[in-house]
Amino acid sequence: MTESMKQVAVPDWQEAPGNDREDDWVMLRVGGQVFETSRNTLCADKDSMLAALVLRHRPKDEKNNKNSVIRIDRDGQRFAHVLNYLRSGTVWLRNVCLLRELQEEADFFCLAGLNALCEEKIQQIEEAEDSKWSMHRSASPRHKKRRGGEGS
1 MTESMKQVAV PDWQEAPGND REDDWVMLRV GGQVFETSRN TLCADKDSML
51 AALVLRHRPK DEKNNKNSVI RIDRDGQRFA HVLNYLRSGT VWLRNVCLLR
101 ELQEEADFFC LAGLNALCEE KIQQIEEAED SKWSMHRSAS PRHKKRRGGE
151 GS
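Here the sequence shown is numbered in our numbering, starting from 1 and rising by one per residue.
Since the hints were derived computationally from the structure, they do not count as laboratory data. All values derive from a computational prediction rather than experimental measurement. Treat the hints with care, since some could be wrong.
[Stated by the list, open to error] Simulated restraints on C-beta separations:
#1 K132 with S68: 47 to 57 Å
#2 K132 with M49: 36 to 46 Å
#3 R29 with V96: 21 to 31 Å
#4 L55 with A80: 19 to 29 Å
#5 N84 with S134: 31 to 41 Å
#6 E127 with G32: 28 to 38 Å
#7 S134 with V69: 48 to 58 Å
#8 D73 with K132: 31 to 41 Å
#9 D73 with L98: 12 to 22 Å
#10 E119 with G76: 19 to 29 Å
#11 E36 with Q124: 27 to 37 Å
#12 W92 with I70: 17 to 27 Å
#13 S68 with E127: 43 to 53 Å
Positions of the beta carbon are idealized from the N, C-alpha and C atoms, including for glycine.
Turn these sequences into a full structure, and let the hints steer you where they fit.
Dropping the structure here:
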């Protein structure tokens, strides 16, 4: 996990992880997609909106005595990457546009570590692209002529 992902103490109502209590699991509906994950995963970054949401959420709907669903009006495909980040502390995207979209989600959910990680990956991709293009330009005959190199 990254430095910015601070662990949260287990709330009073929640037993230690690994006991598979039904209360340890949370159902989320994000953009129409259903996700099931542990409270500990959602609380991986204690300063996030997700941690705040899950810590105040009641695990059961007392009226119907069944697990309630947290609904979030965001893009479900993007949220899958947010959830994977909370689980593993990393992001496997290699596309600048997708990383920018994920940064929007990081801003929305107050995940500073995810935002910083996306920015770092974007910089790496852009630097690699710049390097590739500068090597390509310096190797082209037209560029060499303008610089007074071979062929002038």
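Evaluation of the provided hints:
no.	hint	verdict
1	K132 with S68: 47 to 57 Å	holds, 50 Å
2	K132 with M49: 36 to 46 Å	holds, 38 Å
3	R29 with V96: 21 to 31 Å	holds, 29 Å
4	L55 with A80: 19 to 29 Å	holds, 22 Å
5	N84 with S134: 31 to 41 Å	holds, 34 Å
6	E127 with G32: 28 to 38 Å	holds, 37 Å
7	S134 with V69: 48 to 58 Å	holds, 51 Å
8	D73 with K132: 31 to 41 Å	holds, 39 Å
9	D73 with L98: 12 to 22 Å	holds, 20 Å
10	E119 with G76: 19 to 29 Å	holds, 23 Å
11	E36 with Q124: 27 to 37 Å	holds, 33 Å
12	W92 with I70: 17 to 27 Å	holds, 25 Å
13	S68 with E127: 43 to 53 Å	holds, 46 Å
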